[in-house]
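A.B. asks: According to the numbering used here, the stretch in the sequence shown is residues 28 to 117, in order.
The reader is advised that the hints may include incorrect statements.
[Claimed, not checked] Under the rule of at most 16 Å between Cα atoms (straight-line distance), these lysine to aspartate or glutamate pairs were calculated in the EDC-like manner:
#  : residue 1 : residue 2
1  : K114      : E48
2  : K63       : E48
3  : K35       : D100
4  : K107      : E48
5  : K116      : D77
6  : K111      : D76
7  : K66       : E48
8  : K110      : E70
9  : K110      : E47
10 : K35       : E113
11 : K36       : D102
12 : K35       : D77
13 : K107      : D44
14 : K111      : D65
15 : K110      : D65
16 : K63       : E113
17 : K116      : E48
18 : K36       : D77
19 : K73       : E113
20 : K111      : D44
21 : K111      : D69
22 : K116      : D65
23 : K81       : E113
24 : K81       : D58
25 : K111      : E48
26 : K63       : E47
27 : K66       : E47
28 : K95       : E48
29 : K35       : D76
30 : K111      : D37
31 : K116      : D37
32 : K116      : D57
33 : K81       : D102
34 : K36       : D76
35 : K107      : E70
36 : K110      : D57
37 : K110      : E48
[Unchecked claim] Label pairs and their computed distance ranges (CB to CB):
#  : residue 1 : residue 2 : range
38 : K107      : Y50       : 34 to 44 Å
39 : L54       : K92       : 38 to 48 Å
40 : S61       : K92       : 36 to 46 Å
In case anyone wonders, no lab produced these hints; they're calculated from the structure.
Note that the Cβ used here is the ideal one computed from N, Cα and C, for glycine as well.
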Amino acid sequence: MASIKNFKKDINNVLSDIIEECYVCQLTSDDKVSAKVDKIIDEAIKVFDDLIVKLNLKDVDNKKKHFKSIHADLDSNSAKLLKKLEKLKA
Numbered sequence: 028m029a030s031i032k033n034f035k036k037d038i039n040n041v042l043s044d045i046i047e048e049c050y051v052c053q054l055t056s057d058d059k060v061s062a063k064v065d066k067i068i069d070e071a072i073k074v075f076d077d078l079i080v081k082l083n084l085k086d087v088d089n090k091k092k093h094f095k096s097i098h099a100d101l102d103s104n105s106a107k108l109l110k111k112l113e114k115l116k117a
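With the hints as extra help, turn the sequences into a complete structure.
C.D. replies: So, in structure tokens, the structure goes:
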């Protein structure tokens, strides 16, 4: 990881791409699906907030391990959100 600044940008880019896909799904679907997509957007925002809070922690013993766990959280949460969105599209 080059820097915390770049890691924050990565988190922002990944989750904003998911939210953008949600908006596209809303535009192409009915109101019932749209309400479910709103929940996915809210969940993506919560994931973003949680990851930024974890990233900004100062009293971490092993920074490398801490950043790897945050990266793993980002990967797993983004995969879950995309699976939920794909289920709605199908």
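A.B. asks: Please go over all the hints and tell whether each is borne out by the structure.
C.D. replies: Status of each hint after checking the structure:
The straight-line distance between the Cα atoms of K114 and E48 is roughly 13 Å, inside the 16 Å bound, and the hint therefore holds. In summary, the hint linking K63 to E48 is supported, as the alpha carbons are separated by about 13 Å, within the 16 Å threshold. Restraint check for K35 and D100: the C-alpha separation of about 13 Å stays at or below 16 Å, so the hint holds. A C-alpha spacing of about 14 Å is found between K107 and E48, which places the hinted pair at or below 16 Å, so the restraint holds.
Distance restraint check for K116 and D77: the Cα-Cα separation of roughly 27 Å exceeds the 16 Å cut-off, and the hinted pair is therefore not satisfied. Taking the CA atoms of K111 and D76, the gap is near 19 Å; set against the 16 Å cutoff, the hint is violated. Between K66 and E48, the direct Cα distance comes to roughly 13 Å. Compliance with the 16 Å bound is thereby established for this hinted pair. A threshold of 16 Å between alpha carbons decides the hint, and for K110 with E70 the separation of about 13 Å falls inside it, so the pair holds.
Annotation: proposed proximity of K110 to E47 holds, straight-line Cα distance about 15 Å (limit 16 Å). Pair hint K35 plus E113 does not hold up; C-alpha atoms about 26 Å apart against a cutoff of 16 Å. Restraint check: the Cα-Cα separation between K36 and D102 comes to about 14 Å, which is no more than 16 Å; the hinted pair holds. A C-alpha spacing of about 12 Å is found between K35 and D77, which places the hinted pair at or below 16 Å, so the restraint holds.
In summary, the hint linking K107 to D44 is supported, as the alpha carbons are separated by about 14 Å, within the 16 Å threshold. For the given pair, K111 sits about 12 Å from D65 by alpha-carbon distance, which is consistent with the 16 Å threshold. In summary, the hint linking K110 to D65 is supported, as the alpha carbons are separated by about 15 Å, within the 16 Å threshold. A hinted pair counts as satisfied when its Cα atoms are at most 16 Å apart, and K63 with E113 qualifies at roughly 12 Å.
Taking the CA atoms of K116 and E48, the gap is about 10 Å. The hint holds against a cut of 16 Å. A distance of roughly 15 Å separates the Cα atoms of K36 and D77; the hinted pair therefore holds under the 16 Å criterion. For the hint linking K73 to E113, the alpha-carbon distance of about 20 Å lies beyond 16 Å, and the restraint is violated. The straight-line distance between the Cα atoms of K111 and D44 is roughly 15 Å, inside the 16 Å bound, and the hint therefore holds.
Of the supplied pair hints, the one linking K111 and D69 holds, its CA atoms being roughly 13 Å apart against a limit of 16 Å. Between K116 and D65 the alpha-carbon distance is near 14 Å, which keeps this suggested pair within the 16 Å criterion. A hinted pair counts as satisfied when its Cα atoms are at most 16 Å apart, and K81 with E113 does not qualify at roughly 28 Å. For the suggested pair K81 and D58, the alpha carbons sit about 35 Å apart, so the restraint of at most 16 Å is broken.
Taken as a hint, the K111 and E48 pair is honoured in the structure, with Cα atoms around 12 Å apart against an allowance of 16 Å. Simply put, K63 and E47 have alpha-carbon atoms about 15 Å apart, close enough for the 16 Å limit, and the pair holds. Simply put, K66 and E47 have alpha-carbon atoms about 14 Å apart, close enough for the 16 Å limit, and the pair holds. A threshold of 16 Å between alpha carbons decides the hint, and for K95 with E48 the separation of about 26 Å lies outside it, so the pair is violated.
Between K35 and D76 the alpha-carbon distance is near 11 Å, which keeps this suggested pair within the 16 Å criterion. Taking the CA atoms of K111 and D37, the gap is about 21 Å. The hint is violated against a cut of 16 Å. A distance of roughly 25 Å separates the Cα atoms of K116 and D37; the hinted pair therefore is violated under the 16 Å criterion. For the given pair, K116 sits about 11 Å from D57 by alpha-carbon distance, which is consistent with the 16 Å threshold.
Under the criterion of a C-alpha separation no larger than 16 Å, the hint pairing K81 with D102 is consistent with the structure, at around 15 Å. For the hint linking K36 to D76, the alpha-carbon distance of about 13 Å falls within 16 Å, and the restraint holds. With a CA separation close to 10 Å, the supplied pair K107 and E70 stays within the 16 Å bound. For the hint linking K110 to D57, the alpha-carbon distance of about 19 Å lies beyond 16 Å, and the restraint is violated.
Between the alpha carbons of K110 and E48 the distance comes to roughly 12 Å, so the proposed pair stays at or under 16 Å and holds. Taking the beta carbon of each, K107 and Y50 are about 19 Å apart, not inside 34 to 44 Å as hinted. Distance hint check for L54 and K92: the Cβ-Cβ separation is about 41 Å, which falls inside the suggested range of 38 to 48 Å. Evaluation of the 36 to 46 Å hint for S61 and K92 yields a pass: the beta carbon distance comes to about 40 Å.
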